[in-house]
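Just so we're aligned: 64 in full-length UniProt numbering is position 64 of the sequence shown, and the numbers increase by one with no gaps anywhere.
No lab work stands behind these hints, which were simulated from the structure alone. Check before you lean on any hint, since a few could be wrong.
Said to hold, decoys possible - Lysine-lysine pairs mimicking DSS-like chemistry, simulated, CA-CA at most 27 Å apart:
(1) Lys127 with Lys114
(2) Lys244 with Lys114
(3) Lys127 with Lys340
(4) Lys340 with Lys279
(5) Lys127 with Lys259
(6) Lys127 with Lys279
(7) Lys279 with Lys323
(8) Lys244 with Lys279
(9) Lys244 with Lys259
(10) Lys323 with Lys259
(11) Lys340 with Lys323
(12) Lys100 with Lys114
(13) Lys244 with Lys323
(14) Lys114 with Lys323
(15) Lys340 with Lys114
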Amino acid sequence: MAAYSCDEQKPSCANCVKQGADCEYRAPTSREASHTSPLPDGTPTLTSSDADSARTGVGAGTISEQQLLSESGPAPVNDNLARTDLTLNIPQLRLLQGSKLTALRSHYTTVTAKTLAAHTDAEDVYKITLPELAFSHPYLLHAILSLSALHLSRLARADSEAQSYLSQAEQYRSAALHGFQTTVHGIDDSNFKAVLLFTGILFPHACATWIALTNDLSFAFSNIISNLILTRRMRFMVTDFYTKMQESELARVVPLDVKNIDWYSATRPATTELVQLRKFAQIMHHVYPPDIIDAYSSACNLLERIFDAAAASPTPPSDGLLKTWIHLVSERYIELLAEKQPGSLIIFAHFAVLMHRAAECYWYMQGVAEQILRVAEYLVPVEWRTWLEWPREQIGLGEKE
1 MAAYSCDEQK PSCANCVKQG ADCEYRAPTS REASHTSPLP DGTPTLTSSD
51 ADSARTGVGA GTISEQQLLS ESGPAPVNDN LARTDLTLNI PQLRLLQGSK
101 LTALRSHYTT VTAKTLAAHT DAEDVYKITL PELAFSHPYL LHAILSLSAL
151 HLSRLARADS EAQSYLSQAE QYRSAALHGF QTTVHGIDDS NFKAVLLFTG
201 ILFPHACATW IALTNDLSFA FSNIISNLIL TRRMRFMVTD FYTKMQESEL
251 ARVVPLDVKN IDWYSATRPA TTELVQLRKF AQIMHHVYPP DIIDAYSSAC
301 NLLERIFDAA AASPTPPSDG LLKTWIHLVS ERYIELLAEK QPGSLIIFAH
351 FAVLMHRAAE CYWYMQGVAE QILRVAEYLV PVEWRTWLEW PREQIGLGEK
401 E
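With the hints as constraints, model all of the structure from the sequences given.
Here's what the structure looks like:
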């Protein structure tokens with residue numbers, strides 16, 4: 001039994017809120033009952049055969065358009081474990097996994113939280129504000145528990161220990177996504193902070209799960225696409241509350257290298273280290289139809305501006321800078337990437353160079369650039385692979401055998 005009792009106060013008893021529990025006496029509001037969740041059932045899994053669906057779903061801002069998401073998640077999950085975990089509420093998690101739960105929460109607040117901050121001003125938001133909000137928003141608590149388990153899996157010395165943490169991370173992640181989908185039926189002043197932080201810490205989850213635990217590079221690619229789509233979708237849920245976020249304490253989490261930049265009107269830099277990519281952009285005008293030229297040109301131009309912003313910063317690129325490119329590339333580009341088109345993969349491999357540099361500061365990006373490059377080399381035809389030489393040199397994989 002729980003070590004505390006519910007005092008049956010409405011809308012949620014004080015003891016349940018303090019313990020981070022779902023209060024059984026809490027009455028749902030009519031507003032919650034009358035809306036559809038911004039996050040559809042499940043999480044996205046997209047392969048090349050799903051490219052047609054991606055045209056209508058990727059980056060869509062309306063809830064109805066988000067039906068692209070399928071039943072399966074972006075990473076392999078034991079169905080029985082996932083199904084069981086999705087039914088768990090917070091008291092059950094505490095009773096069944098008390099010591100493990102405490103260890104995960106402690107590791108998050110003392111270690112993991114600090115690793116999420118792009119600068120010191122943001123540390124208290126992740127260390128204090130986010131856990132405080134998690135008491136009232138169980139899906140957020142599940143998310144930080146999952147992230148803590150992921151972090152511990154990277155620190156584990158034994159493979160068996162790492163696998164145990166990965167299993168916990170996936171179960172909590174599934175519970176977080178399910179909890180978000182079933183309890184968040186609209187974003188307003190009462191929950192926008194929790195939702196913004198939730199969408200923010202899903203990116204570390206996505207990066208960490210881009211490294212599929214398999215040698216099947218086709219599966220690894222599908223995993224990457226799934227998480228790209230989820231990352232893009234989350235942005236559209238919270239765009240309307242960005243101004244409110246800037247006026248709150250959450251403004252401190254915005255990295256310095258993305259502040260005060262209008263990406264839509266920013267001019268293309270006169271010079272760039274993406275010399276080979278510029279040559280590719282010139283050649284593709286003689287190869288592709290107009291719609292593909294537009295998609296690739298805009299993706300390349302945006303990537304040049306991202307690299308330019310990174311070069312102006314004294315620190316490695318922030319995860320916010322990387323998300324900027326993921327968020328702003330066109331739907332058509334993502335569709336072409338899902339179709340495994342060589343040009344899209346070449347551009348994506350150049351983007352991976354930034355992820356490699358960011359990995360100096362973010363543990364959850366370690367190994368991601370290498371995975372992307374291996375996938376690109378696997379999927380890009382031999383006659384196109386010379387365009388991958390610069391990313392390979394920058395990421396440090398040496399000469400291609």
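Cross-check of the supplied hints:
Restraint check: the Cα-Cα separation between Lys127 and Lys114 comes to about 7 Å, which is no more than 27 Å; the hinted pair holds. The hinted pair formed by Lys244 and Lys114 meets the criterion: a straight-line CA distance of about 24 Å does not exceed 27 Å. Annotation: proposed proximity of Lys127 to Lys340 is violated, straight-line Cα distance about 40 Å (limit 27 Å). With a C-alpha separation of about 21 Å, the suggested pairing of Lys340 with Lys279 holds against the 27 Å cut-off.
The straight-line distance between the Cα atoms of Lys127 and Lys259 is roughly 22 Å, inside the 27 Å bound, and the hint therefore holds. Restraint check for Lys127 and Lys279: not satisfied, since their Cα atoms lie roughly 45 Å apart, outside the 27 Å limit. Under the criterion of a C-alpha separation no larger than 27 Å, the hint pairing Lys279 with Lys323 is consistent with the structure, at around 25 Å. About 42 Å separates the Cα atoms of Lys244 and Lys279, which puts this hinted pair outside 27 Å; it is violated.
With a C-alpha separation of about 16 Å, the suggested pairing of Lys244 with Lys259 holds against the 27 Å cut-off. Restraint check for Lys323 and Lys259: the C-alpha separation of about 13 Å stays at or below 27 Å, so the hint holds. Using a Cα cut-off of 27 Å, the hinted pair Lys340 and Lys323 holds, with the two alpha carbons roughly 21 Å apart. About 21 Å separates the Cα atoms of Lys100 and Lys114, which keeps this hinted pair within 27 Å; it holds.
Under the criterion of a C-alpha separation no larger than 27 Å, the hint pairing Lys244 with Lys323 is consistent with the structure, at around 20 Å. Distance check on the hinted pair: Lys114 and Lys323 sit about 19 Å apart at the alpha-carbon level, within 27 Å; holds. Between the alpha carbons of Lys340 and Lys114 the distance comes to roughly 36 Å, so the proposed pair goes past 27 Å and is violated.
Hint compliance for this structure: hints 3, 6, 8 and 15 are not met, and every other hint is.
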